[in-house]
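Asks: Each chain is listed here by its residues.
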Amino acid sequence: MQRGTARAWFELLSSMRFAISLLTVLAIASVVGTVVKQNEPFNAYLNQFGPFWFPVFETLGIYSVYNAGWFLVILAFLVLSTSLCIVRQTRPMLREMRHFREHAREASLRQFGHQASLESAADPATTLERARSYLAGAGLRFRASTREDGVLLAAKQGSAGRAGYFLAHGAIVLICIGGLLDGDLPLKLEMAIGGKQATSGNQLIADIPESARLAAENPSFRGNVFIPEGRSASIAVLNVGDGILLQELPFTISLKRFHIDHYENGMPRRFASDILITDATGTALERTIEVNRPLEYRGITLYQSSFEDGGSILSLAVRGLARGVPGLTSLQGAVGDTLPLAAGDARYTLELTQFRAFNVEDMGAGDDAAAARAQGMARIEQHLGSGAKTPTRKNLRNVGPTYTFKLRDEAGQAREFHNYMLPIEQNGRWYLYSGTRDSQADSFRYIRFPLDNDGKLETWFAVREIMFDPARRAEIAHRFAARNAGAESAADAAGLRERLAQTAEHTLTLFADRGYESVGRFIESTVPQAERERAAEVFVRILQGVAWEAWLLARERNSEAAPQFNESHAAFLRDSIAALSDSLFYGAPVYLQLTAYDERQATVLQATRSPGKPLVFLGSLLLVLGVFAMLYIRERRLFLLLKADEVLVAMSSNRKTIDVDETFQRHVDGLREALAAPDFHPTSSRDA
Amino acid sequence: MELARTPHRPDRRSESTPPLRGEASDRTHWLRTLGPGDWLFAATLVIGAFFALRRYGASMDVYDEGILLLHVPILCAIGWHWKAFRPFLAAVALLSLASIGLYQGNLARAEQAFLLKYLISSQTAIMWMSALMFMATGAYWLGLALRSDFADKTGSALTWTATTMGTAGLFVRWYESYLIGPDIGHIPISNLYEVFVLFSLMTALLYPYYERSYATRRLGAFVLTVIAAAVAFLLWYTFSREAHQIQPLIPALQSYWMKIHVPTNFIGYGAFALSAMVGCAYLLVERGILASRLPPPRVLEDVMYKAIAIGFAFFTIATILGALWAAEAWGTYWQWDPKETWALIVWLNYAAWLHMRLTKGLRGSMLAWWSVIGLLVVSFAFLGVNMFLSGLHSYGSL
Ligand code: HEM
Numbered sequence: 001m002q003r004g005t006a007r008a009w010f011e012l013l014s015s016m017r018f019a020i021s022l023l024t025v026l027a028i029a030s031v032v033g034t035v036v037k038q039n040e041p042f043n044a045y046l047n048q049f050g051p052f053w054f055p056v057f058e059t060l061g062i063y064s065v066y067n068a069g070w071f072l073v074i075l076a077f078l079v080l081s082t083s084l085c086i087v088r089q090t091r092p093m094l095r096e097m098r099h100f101r102e103h104a105r106e107a108s109l110r111q112f113g114h115q116a117s118l119e120s121a122a123d124p125a126t127t128l129e130r131a132r133s134y135l136a137g138a139g140l141r142f143r144a145s146t147r148e149d150g151v152l153l154a155a156k157q158g159s160a161g162r163a164g165y166f167l168a169h170g171a172i173v174l175i176c177i178g179g180l181l182d183g184d185l186p187l188k189l190e191m192a193i194g195g196k197q198a199t200s201g202n203q204l205i206a207d208i209p210e211s212a213r214l215a216a217e218n219p220s221f222r223g224n225v226f227i228p229e230g231r232s233a234s235i236a237v238l239n240v241g242d243g244i245l246l247q248e249l250p251f252t253i254s255l256k257r258f259h260i261d262h263y264e265n266g267m268p269r270r271f272a273s274d275i276l277i278t279d280a281t282g283t284a285l286e287r288t289i290e291v292n293r294p295l296e297y298r299g300i301t302l303y304q305s306s307f308e309d310g311g312s313i314l315s316l317a318v319r320g321l322a323r324g325v326p327g328l329t330s331l332q333g334a335v336g337d338t339l340p341l342a343a344g345d346a347r348y349t350l351e352l353t354q355f356r357a358f359n360v361e362d363m364g365a366g367d368d369a370a371a372a373r374a375q376g377m378a379r380i381e382q383h384l385g386s387g388a389k390t391p392t393r394k395n396l397r398n399v400g401p402t403y404t405f406k407l408r409d410e411a412g413q414a415r416e417f418h419n420y421m422l423p424i425e426q427n428g429r430w431y432l433y434s435g436t437r438d439s440q441a442d443s444f445r446y447i448r449f450p451l452d453n454d455g456k457l458e459t460w461f462a463v464r465e466i467m468f469d470p471a472r473r474a475e476i477a478h479r480f481a482a483r484n485a486g487a488e489s490a491a492d493a494a495g496l497r498e499r500l501a502q503t504a505e506h507t508l509t510l511f512a513d514r515g516y517e518s519v520g521r522f523i524e525s526t527v528p529q530a531e532r533e534r535a536a537e538v539f540v541r542i543l544q545g546v547a548w549e550a551w552l553l554a555r556e557r558n559s560e561a562a563p564q565f566n567e568s569h570a571a572f573l574r575d576s577i578a579a580l581s582d583s584l585f586y587g588a589p590v591y592l593q594l595t596a597y598d599e600r601q602a603t604v605l606q607a608t609r610s611p612g613k614p615l616v617f618l619g620s621l622l623l624v625l626g627v628f629a630m631l632y633i634r635e636r637r638l639f640l641l642l643k644a645d646e647v648l649v650a651m652s653s654n655r656k657t658i659d660v661d662e663t664f665q666r667h668v669d670g671l672r673e674a675l676a677a678p679d680f681h682p683t684s685s686r687d688a
Numbered sequence: 001m002e003l004a005r006t007p008h009r010p011d012r013r014s015e016s017t018p019p020l021r022g023e024a025s026d027r028t029h030w031l032r033t034l035g036p037g038d039w040l041f042a043a044t045l046v047i048g049a050f051f052a053l054r055r056y057g058a059s060m061d062v063y064d065e066g067i068l069l070l071h072v073p074i075l076c077a078i079g080w081h082w083k084a085f086r087p088f089l090a091a092v093a094l095l096s097l098a099s100i101g102l103y104q105g106n107l108a109r110a111e112q113a114f115l116l117k118y119l120i121s122s123q124t125a126i127m128w129m130s131a132l133m134f135m136a137t138g139a140y141w142l143g144l145a146l147r148s149d150f151a152d153k154t155g156s157a158l159t160w161t162a163t164t165m166g167t168a169g170l171f172v173r174w175y176e177s178y179l180i181g182p183d184i185g186h187i188p189i190s191n192l193y194e195v196f197v198l199f200s201l202m203t204a205l206l207y208p209y210y211e212r213s214y215a216t217r218r219l220g221a222f223v224l225t226v227i228a229a230a231v232a233f234l235l236w237y238t239f240s241r242e243a244h245q246i247q248p249l250i251p252a253l254q255s256y257w258m259k260i261h262v263p264t265n266f267i268g269y270g271a272f273a274l275s276a277m278v279g280c281a282y283l284l285v286e287r288g289i290l291a292s293r294l295p296p297p298r299v300l301e302d303v304m305y306k307a308i309a310i311g312f313a314f315f316t317i318a319t320i321l322g323a324l325w326a327a328e329a330w331g332t333y334w335q336w337d338p339k340e341t342w343a344l345i346v347w348l349n350y351a352a353w354l355h356m357r358l359t360k361g362l363r364g365s366m367l368a369w370w371s372v373i374g375l376l377v378v379s380f381a382f383l384g385v386n387m388f389l390s391g392l393h394s395y396g397s398l
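Heads up: the protein sequence lines correspond to chains X and W, in order. If you're matching positions, the first sequence starts at 1 in my numbering and goes up one per residue. If you're matching positions, the second sequence starts at 1 in my numbering and goes up one per residue.
Isolated chain W (complex conformation) (with noise of 0.2 angstroms):
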């Protein structure tokens, strides 16, 4: 492929020389960046991958191990591309297979086993994370208060460890719900509970990504507090509603398409999220409210944008795949549940905003405005459709 062209160059050398290698000379060039901690990560995921395989193959079905497999290369490239991803691999890795190992294949164990009942069996580690995501909340909004680096970094590596936790801790509830009984096992994203888990997960990873990329922890305090906020709700809904309790799968949940589907919509929920606190930051500093302590309105446009685009295109896949879900389980692809008729008013409100950015003068505080209660749509679809209106989507009810 002719990668260059110059016409009105009468020197030949040139032309053959270095132009035509342009590409791959950039390729290579990446590749060489990685050093042996990276071929470390690559080879450590490699083997793990294979370790559960041969451990676990037997209760796995083609598709299983398929999905198995792909992990390897897309968590490679997350950890290559983000180097903090990789302690909290490990770390949850860790805990989730020690969690396991002390389990014994015995449910009773998690209130014979000290570590297991005060640290790393699911419902205490879904606690700790809780825990976690309060105190790094608080850590934030001092060190907007004080400007304190300190308590900055204290709360980003909170935020880390809450989500260790919280992860490790969905690891080990899938883990019981086969204890329980072979036909119950399943992957825990069934219910209302495991999603809001999971979207405090989602979450708290999206954030500390921009916390790296745009070199600034001071949209901790804001971002910190829409995943209290769930955390709150959540323990509201463990004391009062006992809504823990792993349950079995209803027919219509029992899918290949939930396994990618919830979590897919997941990203997306929760970057809207973030861009919804990111925007309340902005009107913030445009009001010349905690302006000095706060990254410019141009660097919060910018970070409001990034969380929004990378949610729309999950997003985006999310639908899809759910409409590829209910073909199968419900016969068609769409049908105006109030479940799916929300999912695309939360997806058109931000294809919206997306073309408002483009357009010239609908810039600036309009667009914050716009994702702000972006974020209410979001919570209306996640949480109000459950609440208010009844539909085939009704397992996820309170």
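Looking at chain X on its own, in the form it has when it is part of the complex (with noise of 0.2 angstroms):
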């Protein structure tokens, strides 16, 4: 009973069908992984999927699935069930390659799909002579049996494909084992052996556990080496779940230069480092390691896997957004610090995360509006020539240094932010950018501060500060309303100055609250639907104006002459409003402006040791010859039955293809001709 059902679970997990259902299984499962992004941190997949379907996706291994038991499991099976047809498969698979089935039947020769009957003309000893030749010519292996219905010559070809089914079958259980070897298994083995622990990435590494550091001698990880230019390491971080281990290195490697070289478009050419790598016997070696150049050292292998910033060091100008923070201080700390910030009554704390002291972007088209919009043929031939030109021609610039970081309120609310260093020009114009975040799933809004003809920023903040200052409304208010309602008549004047005035006063009060919004919900809300158009019009010019009074106003304060109203000001004027209302929305009291910089890189070797590896690509090897043995090594049997009065042909294959046919009629045609030709002789007699 218990060889029975043990008999049974082998058949099937041996069986064909199996073997189909799984790989299948297999392929669908694999889905699953490239849907859901792998190994992001938590938190991602917490904003992602909602506090209800993170635990559940948790439990099933969603977020890295490739390592999840249930995966494993059906690699389990892959590998078992490979293993069990090999192993069924063995004996009938040898014994086709070796024999020669000469004693097959008559009966069972005629049942063949491929089977002629043919006639022998000769005396049975030529006959026999004959058909010897024959297939010996034809490159076939063959046995002779003589027996009471006749002589039977069974032949065959390209046994040596069942050995192909032997070379990739058992190449993919060696792939397999590899690739555990290799895989996260010895590591959960050795944290559940070991007693270790990952632990938070939060931390010094000073102070991390010994639970949660692994010995030199592991026999197989993977894990990040970040050393900061000048500066040595000799430990490599493995992510575990959510947290880290620390793998010790053999030897400590030491960053001398991170070079970045770009192509001309500024495209990134080529990231290497300049290492030197001593180890405890004091040797020391000295290697550049680049994109597909690694290097193997002590079993180890070590690749340029990516880069950051090492700690450059950020000066910062601080300029006041809010009320009563002072306009104008400074600054200075490493990315990577963090540093407290006061802004008037709040405490801050100022993450600095990132510097890039390199950017391309594409700043758009310039001239090829008109490319774009060729048609027919014109269209046709903007396309014709070498493949280095297209009609629409990317403006890729450097845009100079970037660096972001975080601002966190009393309350732990941090906001990201994105700012550029330098100016950069749009339709003759120049500004800085800033952008601003929520939360890393967004993308950063910018906003753009005008610059003035100085090229600074002064001149904006100080238009700014008089803008919103609710004690100066009136004034504005007042001057804006004696500018503008001077070509009546005296009679109306004051009137209409005075409502004018109130009016110019209002939208100050509008604006100061939630910018074009609130004024854009105002009009909403007052005007009639076919008047909206050109009350927003009316707005947008008060607006200027009194913007341009405030401008006018602190150049007074400056004792500066004032300038003239041209169109290049009325620009100015009217980014500046658009500034004003989206710097309502800014979310910091500062506007952190980057004033200089000394730049260090560091960069991330990846650090591996992967026992399997070597099994993998000798299954890769063998694969490759198994499957193509397997698919272009065809077995061919051909079986010639000689009896008294006539030669029976059959013919059997492995696999059906239409090739067998005709193979089967040839042998057939040239069996024909070779038994009755009188004087046959196979070609190679003749060259003996």
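Since the hints were derived computationally from the structure, they do not count as laboratory data. Please read all numbers here as calculations on a predicted model, not as lab measurements. A few of these clues could be false.
[Stated by the list, open to error] Straight-line C-alpha distance at most 20 angstroms; calculated EDC-like pairs for lysine to aspartate or glutamate:
no.: 1; chain 1: X; residue 1: K456; chain 2: X; residue 2: D582
no.: 2; chain 1: X; residue 1: K37; chain 2: X; residue 2: D242
no.: 3; chain 1: W; residue 1: K339; chain 2: X; residue 2: E40
no.: 4; chain 1: X; residue 1: K256; chain 2: X; residue 2: D279
no.: 5; chain 1: X; residue 1: K188; chain 2: X; residue 2: E217
The two chains are supplied separately, each in an independent frame; assemble them into the complex guided by the hints.
Replies: Written out as structure tokens, the structure is:
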């Protein structure tokens, strides 16, 4: 009974149908991990799936599908099934390879799909001789057996194809085992047995407990080594779930310099680290590691994986945006630092997170609009010629350094910022860009601070201060009214001026609340649909007027001459008002302007020890050989039963293809000729 | 080595003579079938290789030279086995050399020389390929509709011409990339635009082979349809995304593996696409549609199998080459990046197909459906991953 069930299981697991189901299930299971991004920080998943689904998916191992238990079980079944299949097939396959089946019965030969009956004209000995010559000439191996119903020549070809079966299927087992050795399993095992535990990544290396450190002898790992220029490291960081483990390396790596080379168009051409490796014995090795040029040393392979900022020193000008924050102070810090920042009464912490000295961006189409509009033949003609040109050329440019930081308030809420150091030109005007976002999932929204004639931010900040100062509203509203209501007749003038001043003051009050948004809302709630557009125009004109007054006031304060009103100044006013409106949503009480930097780069090398690699590569080689052998060495068996009055020809093959029919037909024709020809000689006999 | 044993035979004479020579005689036999044309072809290849070594050797490293020399026996074998390949190869060589000659080392000549601008600069040649592929598709469908052998032959000729133009176009593109700058020059199989051209060419080169060996031109309508679809995408990609511009290689792609990994992959994709289209034909014939115009199901099934077999074999190599490359560029031979994973899915899918064919009772229309669906899986692996999923292979993104 028990043996019976074992047998049944064996048959099931080693069956072809099970294999097909397994391959299909594995394919479908693999899809899961490509749909959900793998090994992201858990916070990202929490945001994506919400608090209900997040733990469900976590239990299912969706965040790291290919290391999940259920996935490994499927793989284990593949290994098991393939191994059992090999076990099951070994004997029959070896038999097939070795034997000629020279005992095949006539009745069974007559059942073959491919069989024909030929006449034999000559005496039995001659017929035999001719048949043998034919088989040998056709490159078939054969055995002859004389029996009562005649002589059977059992011939075959391509048995080596069967060896392909062992190679290919054995290779799959090999590859899976090798892959397992290099996967997560050894680490999990070590954690379970050695009592190791992942720890949070937010602490100093020195504080990380022994329980989260792996010895240098660890046979299989993959981790990142972070080294700033001029420093060294002998520890790799392994990411495990949401935490980290530290892996000691048997040597120390020092980074002398990290290079990024660029092509002319700004695309990166080369990432390379000049490193020095020293170990306990004092041997030193100087090398350069590049993408596609790893270094193998003492069983550990080091790859250029990525690069980061290694603590560049940033000098920042702090410009107040909120009331009560001083206009201009300064600050210095290194990327990676967390600094206190006071803005008026509020306390913040400033986390400098990233710095990049070189940023290539597509500055958009300049004169290409016409090119893109071409039609018909002209359009096609634009795309003829060499592959070096395009009608709408990208305008790639290095826009200079950028940096990112987080500003965390006392409640712990952080906002992220992305600022450009250098002004960027757009349609002939210059701006400083600053992006902000609430969470990692959003993209940055940019505010553009317009630069004044001196290329400075001062004017905008002065205009802002006056425009948003409640105490000054009445004053600028009146100055605005005085300037703009002058043309009317004297009688109405006073009344009109008063009304205009009121409107201007009201507009300012509205605008200071939520910028264009509150103005828009006000229009919607008070003006009938048909007149809204005109009303909006009036408001915009008023805003420009008061902004102009604010500007003049600021100049007066500094005892500077009043500027001429011209188109360029009008454009500056429009930009200023847009930036004023946006600044109300900036989400920070200060704007941090980068004034100087001292760049320090850091390289990230990946350090791996993969004991399974040779196994996998050997398996791959065998797999290729096996697959080609199975698909292209075709096994054919040809049987010739030489009887007194006829020659029975039959052929079998382990694959059904049309060329079996053709081969059979060729053999039948060939044999007919060979057996009939009185003085037939195979070509070879003449050569001999 | 003893090739044949005859333990039961008393006759000693026969033991030593002909059977022992069996294999050797077979080989001489095969070599003797080669005519002067074959030897001329081989000689031309050898001379061509030496010409290339002398002329361009300065800009090759030892691997380049090795691969160049390796191409002599490979191309020779293909040409000996498949005669139609030779005029194709000759035409590609002539067009490419003519184009290079016309350039005179100056990229601006593409706009000045008439022949370059309107015939054999890379973009123009690829445009010609596109137009000819559409015409070939039309011709084949006409042949199918009217049972016209003439239309079929025209389709065949147009396909060859298109393939010639496209292949020459890629070679010229390779040259042009070096004219832009020596540090920019690279083989044109590095982005989605270039591999779409490659895909069209591979499929169009595989198909005539089956056309010849099964002596039927009627499948052209189906196979060329998938090529036409690829070309339509290519044109959209050119006109609306300007994707045809030659871009320098990012560091991850600066590897020798790319040169062998990508073409091998596309032999696989091309063969899978071909089998899927034959699968469509099979399903139609099985329902009696176009049955009198198309080959019988038995033949269609066989073509499907042959195509999947070659596709699977090459795709296996390609995936392994990819793993070797990944080991060098990313430090791990396999890390379940979406592109890798989808390659595995494609591979498993066709492994399942091959096993199904070996299982009794699962043949016929089930296999045809499976190979048609296989094309969807392949398309996703090829395009969908680039469009919808992100990962390390993102340089192929749309
Ligand atoms: C990733 C997994 C596998 C791959 C890539 C693979 C590949 C192949 C290939 C390419 C063939 C030749 C097909 C042909 O000639 O048309 C084949 C045949 C075969 N496979 Fe697999 N196989 C796999 C798993 C399995 C498993 C799990 C089993 C058994 C449970 C199995 C059993 C067989 C058998 C019995 C044959 C026929 C061999 C012969 O008659 O020569 N295969 N396999």
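Asks: Look at each hint and say if it fits the structure.
Replies: Results for each hint:
Restraint check for K456 (chain X) and D582 (chain X): the C-alpha separation of about 19 angstroms stays at or below 20 angstroms, so the hint holds. Taking the CA atoms of K37 (chain X) and D242 (chain X), the gap is about 15 angstroms. The hint holds against a cut of 20 angstroms. About 18 angstroms separates the Cα atoms of K339 (chain W) and E40 (chain X), which keeps this hinted pair within 20 angstroms; it holds. For the hint pairing K256 (chain X) with D279 (chain X), the CA-to-CA distance comes to about 17 angstroms; that is within 20 angstroms, so the pair holds.
Between K188 (chain X) and E217 (chain X) the alpha-carbon distance is near 16 angstroms, which keeps this suggested pair within the 20 angstroms criterion.
Violated hints are absent here; each numbered hint is respected by the structure.
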